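Visitor: Listed below, chain by chain, are the residues.
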Amino acid sequence: MTGKTFKFVSGLLLLHLFFITLSSSAYAAEAAPVASESSSTFLGIPFPIALIICVAILFLLIGRVISLRSAVKSTEKGSEGKQLTGLALKWHYIKSTINPIFIVLAILTILTGFTFVDWYNRAQDLGTQVGYAPEQPIKFNHKIHAGQYGIQCQYCHTGVEKSKQANIPSVNICMNCHKAIKSGPQYGSEELAKLEAAYKNNTPIRWVRVHNLPDHVYFNHAQHVVAGKVKCEQCHGKVQEMERVVQASTLEMGWCINCHREAHIDSDNAYYTSTYDFVKKHKTYTVAQMGGLECAKCHY
Amino acid sequence: METTNKYWKGLEELHHDADFEKNRMNEFAEKLPLSKVLKEDDLELSSNRRDFLKFMGFGITAATLAACSRSPVKNVVPYINKPVEIDPGVANYYATTCGGCNARCSLLVKTREGRPIKIEGNAESPFSKGGVCAVGQGTVLNLYDLGRLSHPVVNNKAADWKAIDTLASSALSAGGAIRLLTGTISSPSTKAAIETFIKKYPNAKHIQYDAASASAIIDAHEQGFGKAVLPSFNIANAKSLVSVDADFLGTWISPVEFTKQYTSARKVEGGKPEDFLFHFQFESTLSLSGSNADHRATLSPSQIGAALVRLHNYVAEGTGGAQAGSSSLELAGNSIKMAATHLVKNKGKALVICGSNNPDHQALVASINSMLGAYGNTIDLDNPSYQYQGNDKEMIALVNEMNAGTVGTLIIHDCNPSYTYPDAKKFNDGLAKVKTSIAFSTRLDETSERCTAVAPTNHFLESWGDDMPKAGYISLYQPSISPIFNTRAAEESLLLWAGISTTYDEFVKKNWKENFYGGGEYKNFEDFWMHSLERGFISMESKNAKSYSFNGNLASAAKVAAESGDIEVVIYEKVAIRDGRDANNPWLQEMPDPISKVSWDNYAAISPKLAEKLGLNDEDVVEIKAKGSNYSVKLPVLKQPGQKYNTIAIAKGYGHNAKESATYKVAAGIGANAYPFATVTDNALIFGGQTVTITKTGENYPLAQSQTHHHMEGRDLVRETTIAEIANGSYYKEMEKKEKEESSLRISLWQDYRYPGHQWGMAVDLNACTGCNACVVSCQAENNVPVVGKDEVRRRREMHWLRIDRYYSISEEGPKEIYHDKYKELDKLGAENKLGNYEKVKVVFQPIMCQQCSNAPCETVCPVNAISHSSEGLNQQAYNRCVGTRYCANNCPYKVRRFNWFNYALNDKFKDYPMQTDLGRMVLNPDVTVRTRGVMEKCTFCVQRIQVGKLDAKKEGRALKDGEIKTACQQSCPANAIVFGDMNDPNSEISKLLENKRTYKILTELNVRPSVNYMSKVRNSNETIA
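For the protein sequence lines, the chains are C and E, in the order given.
Heads up: the first sequence at position 19 corresponds to 19 in this note's numbering, and the numbers run straight through without jumps.
Heads up: the second sequence at position 577 corresponds to 577 in this note's numbering, and the numbers run straight through without jumps.
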């Protein structure tokens, strides 16, 4: 290998390393707030394992080829005219027939391929805002309300069973309790004073919306909670353990579709049994089988 | 029968105009200016390598930067105190009354998060029965009109309420006659408020004035029966109806109520063929009613008197009544004699109505109706209508009084005489002589801008109130939004000036407690009030309609003036713009006129024959000058089949010219004012019949006429038959034969879809459909369909998801043999000039929306799969997937797909339309996406309503009920022509209609298997009565 080629190859390798580190760190930063679970896969196998397997297969294959050819050409002689056998023969064969640049390039190609698959996978999650946990005008703590005191979600989010929106509670709902409870365990009366001021001065509170869907998506809470019997935490995570609400799910279309493929309809609901005669017989229909993947179920 | 009818959409199609022939096959109305766009400086095609690098560099950087940005922070602002009845995301419906015109139909207002977004009909109402017209649908947009007056005005300067109150109290106590000039007040509580006001100021007098006056009818009934009322008409009871120049289905008195009655009198199923109403229409210009008539004849406005005398004397002959005067006028095809014979044959079930405001004409009509025994059967004098109470004589006297300078204070409410009064100059002169004039108005219109002070009133959706359109029926108003601007109810001001400080809603309640609460089933008044509010109306026991006989003197009425032979002007109302009060509504302006299909304009309609004689062509501007008053306007000409030869028709409601430009932002500069052509006699305002001269100016003014847009190549789309053929079964046999022939040709390459649950379908009864366009505006409101403006309509880029195709036909003349090439056939008719002067034209309407095909041609050509088939039979358009190749629109045989050429919500060209102002956007339906530029859209069968209906059933764990889901077009149809439902449910109404032998699908030869069905139009034929 000439010096020039060596420089070129090692330079490429370094560049790769740089990109991989960069993208990994960017990804780590993106995913930091949530308990990170590696979601990037290649053919269904976690990415690092897939990488190791592929490189291993490559080396195995090369080794196999070499041993086969060396067996055939067992009469090959070394540079000193000595009959070569065993490992020495193999090494000689590698040196004489296979261009090392080819091997490096092969490894590079594989690495590049993996890098792009990795990037593609990570790009899927870009802009999905998983882990989005904006600061709210009042530091409302779900851990205390939903966790410690076990208040039902529906007590405050009144629309969840009847409307498209679950509703951020209006101040009068807060005041049901906070007319009496004037200070809390965490911030004393500091945060509650803001609530009371809003109530007294009739100035609405501008909460920051955590869960956002694009305008062209129609999502209905009542459909999922009442008709679909989906539990709140299935999409919103363990809110009772969150001090500040964090977006737990990606809320992207693939995520919706996956659930629609797996979740079963409530086959006891008289709407389904009366509309679809087969639901009574076999009770295991998924949402997707009932047309839950069709465009106009969510986009209109 | 049906095979002898030739249908065409426009004269250019019939005559094979060179331009039309050249363009009809083109995808676009004009050549796309691509080369021009690309040659613009910033888009030079011949850029060099450096430019390329610059663009690349910029593009990559911009894309990277854009990709890096986080989604914007969105806020959620909940209520402080959430009203119990409001759940964000759930629609609330409030019962109220329509303030769009004088008819006062009962409504349900759909609100979301406290803002009204859609008008629906109140189906429980025995009066309007769930129907709403296009104007009613449009009223919700008027609420969000920036042209509304937002604050009180004194001496043309913004003021506060205190200033107005001070001015009013000093003016009212200053002495001098006080005059209260209003439109028709049919509200009992407003009447009570006015009475209270008059009690306080005994020198005050209340005068009612209507722009579309029915004063002559009231006069005639006073003269003939001693009852100065506008009677209630009941077309449902009639078997024979003669309408002389009254467009009762479109604009006259109570169109929605009449449409409901008309369809119930013309039922094919569930009614006896011999009871099928025969409708004669004698009129000057083709109206909505005329286009639905069984027999139509044209007459000029000056012939109305003579025609009525002739009809009167024929009827008198048949019934043994007294003759009145003499006339020898007969219309084409012995129409008057035929009508009279039929009327007499159906004595007791006959009705004659007349739209003329000439007291002589109405006296003759009253006498004819009396001879026919109409009073007590088809006309009710004991439960009269209060919809029009305007009194022309009092109005004329008031204008004289104002000019004499004896009026101290004039209070104007709910009328715009400076614009609508025929002698507006005299009115304005008089107004200038009035010491203090105060106008209650929602906008700074032509009248209020001339007044000393303007007290802005609420829109009816912000108001409390009540209305009695008919004796025994009271409809309530309740606000569905609090006043948007600094406005106050007119009644509240009047009461305040009369020294009573109360809110108007308290006053209405008090009035109801005193006058309408009778205990009965209700616990107390509050219980009664809440029930009434919820229902929206109360019905009281109606009196028995008695029979009356006419005993007026017809001697002077029956005098027939000699015909002048000059060209006469016809002043009529258009279905959308009506008397012009809501002219600033872009939905109504964009709605194509049902007959001419022109939107955004006023024009002078003349008969093709007269146009030929005068050497005029469509869009030639002519000057029309009244011989009497020298008033003249310049308008483009439109050749209108069905127009009387020597007449020129101009619509009211255009040509607004208020000084404040914001008042009529949309309507300003459109058309010319037709009111001044009318004349004021001693006792009446006479609309139409004035002689005019026409001069060609040589100018050309383009009209936006959509009649041949979305052209379906003249195939066999509308089917028509007669009730006689239905009765003897021959039509059904013909339909069966046709179906058999066609079904053998239907071969499909595709595997059939399965619809395991629902399969949505629709049936449109062409027999019921009157073509009123209420569905078009209803669809626009429901589905956030953008307004595109005249220029874009001209380029065939209107966005309406639902259009109504209007076909003309002539059956009496022309060859009987049928050609395969319909064009050749039309050619022959046109070339041989066998179509006369087109006065005998007949019309069929056909609403066309997406047909939701099972073998949809649009689905198979989409390269990005943006259109897919649902398991419920819908063709689902995913806007965010569409890339705008337009292949689907080209492959759609029904031409129902609409392409978004612009971002109508942001592009400056459309800045005056509702989507571009914060206020206007309040009307948008939050459940339907606002589409962006470059995507295709179409009717969805109101999928948002389907989803809500199914969800309600799922939430309650029950089966979906038939009729629970109503599409927007179906909900508002005044004729119940549209039925929507689940075709898989054997008991649903739609399934039953599919069995009906009148039902057919269009373009079945393509085997696209549409889900929309049509039912043949049925008419009475002349042969049955000849």
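Among the hints, erroneous ones may be present.
In silico lysine to aspartate or glutamate, DMTMM-like type, Cα no more than 20 Å apart, as pairs [what the hints assert, rightly or not]: (1) Lys143(C) to Glu191(C); (2) Lys961(E) to Glu124(E); (3) Lys74(E) to Asp215(C); (4) Lys162(C) to Glu243(C); (5) Lys231(C) to Glu956(E); (6) Lys229(C) to Asp952(E).
Every beta carbon over 10 Å from chain E, so not counted as near; a handful from chain C, in silico [claimed, not checked]: (7) Ile53; (8) Ile57; (9) Ser67; (10) Ala88; (11) Ile103; (12) Gly113; (13) Thr158; (14) Gln165; (15) Val171; (16) Pro185; (17) Tyr187; (18) Arg206; (19) Cys235; (20) Ala263; (21) Tyr300.
Label pairs and their calculated CB-CB ranges [to be verified]: (22) Thr64(E) to Leu60(C): 39 to 49 Å; (23) Phe102(C) to Arg754(E): 52 to 62 Å; (24) Leu213(C) to Glu541(E): 46 to 56 Å; (25) Lys283(C) to Val76(E): 14 to 24 Å; (26) Ile86(E) to Arg209(C): 17 to 27 Å.
No lab work stands behind these hints: they were computed from the structure.
Keep in mind that this is a model prediction, so the values were computed, not measured.
Quick reminder that beta carbons are idealized off the backbone N, C-alpha and C, glycines included.
Visitor: State for each hint whether it applies.
Guide: Verification of the hints:
Between lysine 143(C) and glutamate 191(C), the direct Cα distance comes to roughly 15 Å. Compliance with the 20 Å bound is thereby established for this hinted pair. A threshold of 20 Å between alpha carbons decides the hint, and for lysine 961(E) with glutamate 124(E) the separation of about 18 Å falls inside it, so the pair holds. Between lysine 74(E) and aspartate 215(C) the alpha-carbon distance is near 12 Å, which keeps this suggested pair within the 20 Å criterion. The hinted pair formed by lysine 162(C) and glutamate 243(C) fails the criterion: a straight-line CA distance of about 27 Å is larger than 20 Å.
Distance restraint check for lysine 231(C) and glutamate 956(E): the Cα-Cα separation of roughly 19 Å lies within the 20 Å cut-off, and the hinted pair is therefore satisfied. Distance hint between lysine 229(C) and aspartate 952(E) is fulfilled; the C-alpha atoms sit about 15 Å from each other, no more than 20 Å. The claim that isoleucine 53(C) is not at the interface with chain E holds, since no C-beta of that chain comes within 10 Å of its own (minimum 32 Å). Once the 10 Å rule is applied to beta carbons, isoleucine 57(C) is consistent with being away from chain E; the minimum gap is 35 Å.
The beta carbon of serine 67(C) sits about 48 Å from the closest Cβ of chain E, which is more than 10 Å, so the claim that it is off the interface holds. Separation of alanine 88(C) from chain E is adequate, the least Cβ-Cβ distance of about 53 Å exceeding the 10 Å criterion. Every CB of chain E lies more than 10 Å from the CB of isoleucine 103(C), the least distance being 34 Å, so the non-interface label holds. Against chain E, the non-interface label of glycine 113(C) holds: every CB pair exceeds 10 Å, the least being about 23 Å.
A beta-carbon of chain E is positioned within 10 Å of the beta-carbon of threonine 158(C); the least distance is around 7 Å. For glutamine 165(C), the non-interface assignment is contradicted: its Cβ lies about 4 Å from the closest Cβ of chain E, within the 10 Å cut-off. Not every beta carbon of chain E lies more than 10 Å from that of valine 171(C), the smallest distance being close to 5 Å; the non-interface claim is violated. Every Cβ of chain E is farther than 10 Å from the Cβ of proline 185(C); the closest lies at roughly 25 Å, confirming the non-interface assignment.
Taking the minimum C-beta to C-beta distance to chain E, about 21 Å, the non-interface status of tyrosine 187(C) holds against the 10 Å cut. With a cut of 10 Å on Cβ distances, arginine 206(C) falls inside the contact zone with chain E, its closest approach being about 5 Å. Listed as outside the interface, cysteine 235(C) is consistent with that label: its C-beta sits roughly 17 Å from the nearest C-beta of chain E, beyond the 10 Å cut-off. With 10 Å as the threshold on Cβ separation, the claim that alanine 263(C) sits away from chain E holds: the shortest Cβ distance comes to roughly 14 Å.
Here tyrosine 300(C) does not stay apart from chain E, with its beta-carbon only about 5 Å from theirs, under the 10 Å limit. Under the hint 39 to 49 Å, the C-beta atoms of threonine 64(E) and leucine 60(C), about 41 Å apart, fit the expected range. A beta carbon spacing of about 56 Å between phenylalanine 102(C) and arginine 754(E) agrees with the range 52 to 62 Å that was offered as a hint. Against the hinted window of 46 to 56 Å, the Cβ-Cβ separation of leucine 213(C) and glutamate 541(E) comes to about 54 Å, which satisfies the hint.
Distance hint check for lysine 283(C) and valine 76(E): the Cβ-Cβ separation is about 38 Å, which falls outside the suggested range of 14 to 24 Å. Checked against the hint of 17 to 27 Å, the C-beta distance between isoleucine 86(E) and arginine 209(C) comes to roughly 19 Å, which is consistent with it.
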